[in-house]
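> Each chain, written out:
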Amino acid sequence: MNAKHTIPFLERQSYRRRRLIDTIRTLPVIGGVLWAVPLLWRQSESADVVMTSDAIIYIFSVWLLLVVGGGWFARSLKRSDAEETERER
Amino acid sequence: MGTLNILVGVCLIYVAFLFLVAFAAERAALEGKGAWLRSPLIYTLSLSIYCTAWTFYGAVGYAARSGLEYLTIYIGPSLVMIGWWWLLRKLVRIGRSQRITSIADLISSRYGKSNLLAVGVTVLAVIGTTPYIALQLQSVTVSFDVFSSAYGAELTDAAQGSNALLVAAGLALFTIIFGTRNLDVNERHHGVVMAVAVEAIVKLLALTAVGIFVVWGLAGGVGDTLARIDASEIGQWQMRGDRWATLIFLSGAAFLCLPRMFQVMVVENEDEDHLRTASWAFPAYLMVMSLFVVPIAVVGLDLLPPGSNPDFFVLTVPLATGNDALAMLSFLGGFSSATSMVIVAALALSTMVSNHIVMPIWLSTQSGGASVSGDVRHVVLLSRRISIAAVVFLGYLYFRLSGGGTALASIGLVSFAGVAQFLPVLVGGIFWRGATRTGAFVGLSVGFVIWAYTLLLPSFGAGTLVSESMLANGPLGLGWLRPQAFFGISGMDPLVHAIFWSILLNTMSFFVASLVGFPSPLERLQGAQFVNVYEHSSTPQSWGGSLAQTEDLMVMAQRIIGAREAQNLFEREAKRQGMSGLLPEPSPDFLQRLERELAGSVGAATAHAMIGQIVGGASVSVEDLMAVADETAQMMEYSSKLEAKSEEQARTARQLRQANEKLTLISEQKDSFLSQVSHELRTPMTSIRAFSEILRDSDRLTENEKIKYSSIIHDEALRLTRLLDDLLDLSVLESGRVNLNMQSGSLKGILDHAVSSALTGAGADKMRVVRNDQQEDLMLHTDLDRLSQVFINLIGNAQKYCDATAPKLRIEVGRANAALVVDFIDNGSGIPKTEQAVIFEKFSRTGEQKVKGAGLGLAICREIMTRLEGSVEYLPGQGGAAFRVTLPEQVAMAAQ
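Which chain is which? The protein sequence lines are Z and Y, in order. Just so you know, the numbering used here puts 33 at position 33 of the first sequence, and the rest follows in order with no gaps. Just so you know, the numbering used here puts 752 at position 752 of the second sequence, and the rest follows in order with no gaps.
Derived by calculation from the structure, the hints in this document are not laboratory data. From a predicted model like this one, the values you see are computed outputs, not experimental measurements. Any given hint could be a false lead.
[Unchecked claim] Taking beta-carbon pairs under 7 Å as the criterion, some of the chain Y residues facing chain Z (in silico):
id	residue
1	LEU68
2	LEU79
3	ILE82
4	TRP85
5	ILE229
6	ALA231
7	ILE234
8	GLN236
9	ARG276
10	TRP280
11	PRO283
12	ALA284
13	MET287
14	VAL288
15	TYR398
[What the hints assert, rightly or not] For lysine to aspartate or glutamate, the following DMTMM-like pairs were computed, each having C-alpha atoms within a straight-line distance of at most 25 Å:
id	chain 1	residue 1	chain 2	residue 2
16	Y	LYS90	Z	ASP54
17	Y	LYS670	Y	GLU734
18	Z	LYS78	Y	GLU535
[Stated by the list, open to error] Computed list of chain Z residues with no C-beta within reach of chain Y, every gap over 10 Å:
id	residue
19	GLN13
20	ARG16
21	ARG17
22	TRP35
23	GLU83
Idealized CB from N, CA, C, for every residue including glycine.
Isolated chain Z (complex conformation):
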């Protein structure tokens, strides 16, 4: 009875881990796309131009997002690594 319960549980664990790694892999892509957005902004000759202060706020928000996201996922990965080695014992 017990064995039947644990096996799917383990698989879900390693499945989660693989998806977590996928997330970590995607993070730089998201960052690249978000930081490419300024390419679309109008240049200074045109009428409604983006102000530098708004640009600063946008770029640094992306930055903060990536740092916090990266930190969070790296930590969860470490936790899942630790659980993995725990189970192997």
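Add chain Y to chain Z, keeping to what the hints say.
Frame of chain Z; chain Y shown alone:
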């Protein structure tokens, strides 16, 4: 002028503090207490050498001139770090499993350990880095100048030059002291890394302090600052999209390829896990570093008179508002940025220059190849030290020759674009198995030629190295080759143009040449090892060797990693293989380990070549082939197991044969022992009988004859007694019934006594004894008489058997594997391999029996040393006969 003096004082104290930190870190690491030295935090901070003085001072100037474009320099590396799972993780894993010492080493290793490629990368790295070092020297001297002119003391050009020289000399000294203290097989420098980490904190603190002062002290809060930014001349977003994208790519590429970044990121990495922390912590560091740049620039533009240099707003804003302490902190920040960059860059470049240029040249000038004797470590260290000094001096020279003006400021991006040319080869090498050496060579050459032609040469200004007509019309009137408008596509930004074409053509030629060419087996193996590093984290191909070569390997290893370390290594390996003595079997496993140890000192390509010279070429094992051809993996695995097994059996058989030979020899000796004893007893007995009969039977003997005959009888009786004494001694020792007379005494005293008593009676051929008083300055607690007996025997043997024309005996004392060892090494022809196994047996005498002696001496020595819990062994590979007496550590300890 008073503040200036304080500045100089603060600077000196700061430098002294850095020396102290580095020294303490080295010590802690040496004593094994350095767990905190290997924390992810230190690793993250050490990465901050990316932020040089160019970013510390220059970013503000950059922002004042071109708005937010400066952010690209930080965004690129942030993306690379956030994407650690893609690239950095693999790079670090490869670096650790292959013992990579530099980026040149990595590229040469990947492409079949090609030294040509390593030399090329090294030269290009030096060309790319020298202007950058010059830039750092300039920033330190100019910031000093800014300070002094604020206090009305203008510095002359000569004073600036001497300042730069002083800084350069100091930095070279620091790097030499902490970068080349020893040859570490892992090539890690705790002192340097620690100092760099401290400097990282200082520059972060300095910039944020100035930023906080500007935002809340001068501009009046966040809202007001933002309003001020929008009202300034950089208040509107005006960015060329191509520059934005290209610069982000460029800085990311440079972050991976800069020799100094590679050094801290891959080579100094202690633990792969640190990357996990750095992946988000370093982008956070960069974010904070760039946060206050625009406010400082805007307030500086407002506050200071028009025309003042925006590059030094970080200094001049606090100075203009009378905030001297803050200005000083910011000066230290800039100083830290500059110095840490120069130190690590010099370290990284010197490793490359010494491993890939100096060492191969030096080795090829030595006749006899890799197996001549002599210590080579001092050569490696010396060449590192000279390389460091040369690299820093080159930077200084560039600074002086370029005149230090604005030409230097633009060199930062030029330098980035130069090293970014490594990227296709680097990334291609670790992700694509088909990349070949030819491809790498062609790609790098194309990339660098285009870089130099389109960016480096024009960067000195039109009309200096590139004529104006060439810029306008192309070389020889070929319009499509204009340096800033290839193929007639004009209107591109020159920097974007150069990077676009150089990287594009670099990648394409690398790809095409790789497709066309055919790689050597070694390249294919290395390719598989690098690309599939997670599956095969072992060293690449295996070596095959026979026992006879182990001695040559030992001779070579002693030269590179030092006699003591090499002997320890060989002894450990022999133990691991379950063999007694000092020479291990040259199993592929052992040879790989040896190659990696050597690679830490001289680089992978050189180490590989040196072992190849002795062992005679790599044999590609089935296991390695498996890595190349995955399709037939299963079959291969089976046969590789078979091969491994048969190899193991062959080795066991060889060991058994050895044991058998020894047993046969011993049994023969047992037989001959009896006949020897009877023979040894009979010869004196015969003469005693004969002469006593003469004395008894003849009456007409003169007094002289009587004396002569009876003294012969007496001598022979003495010889008998001596022989019996020896036999008795041996049997007592062997049966373990011996009483040890424990005493304390100095090793020097014992050796003095042993040398004088062993050499009494030696005539004209008396041997010269070379000793080292300092080494021998030790107190011992053991049976001194017995120990002295062993020494006398060994020295006496050397005197008797050494066949050199000018016999010489070296006595060396040292420590190995927690034991005290005394080596006796003479310069004769040594003991042949076949006899080494039996010299410690009873009645064994080497060579023809020209010297008198029963052959019990060494047997007694061995028994004595066993009783004293030590050993005496033959030490192979020393050039002559060499014996090692090993005493347990507590013998020396107990006496203290």
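> Work down the list of hints and note, for each, if the structure agrees.
Each hint, compared with the structure:
| no. | hint | verdict |
| --- | --- | --- |
| 1 | LEU68 | holds, 6 Å |
| 2 | LEU79 | holds, 5 Å |
| 3 | ILE82 | holds, 5 Å |
| 4 | TRP85 | holds, 5 Å |
| 5 | ILE229 | holds, 5 Å |
| 6 | ALA231 | violated, 10 Å |
| 7 | ILE234 | holds, 6 Å |
| 8 | GLN236 | holds, 5 Å |
| 9 | ARG276 | holds, 5 Å |
| 10 | TRP280 | holds, 4 Å |
| 11 | PRO283 | holds, 5 Å |
| 12 | ALA284 | holds, 5 Å |
| 13 | MET287 | holds, 5 Å |
| 14 | VAL288 | violated, 10 Å |
| 15 | TYR398 | violated, 34 Å |
| 16 | LYS90/Y - ASP54/Z | violated, 37 Å |
| 17 | LYS670/Y - GLU734/Y | holds, 15 Å |
| 18 | LYS78/Z - GLU535/Y | holds, 21 Å |
| 19 | GLN13 | holds, 19 Å |
| 20 | ARG16 | holds, 16 Å |
| 21 | ARG17 | holds, 13 Å |
| 22 | TRP35 | violated, 6 Å |
| 23 | GLU83 | holds, 15 Å |
Of the numbered hints listed earlier, those contradicted by the structure are 6, 14, 15, 16 and 22.
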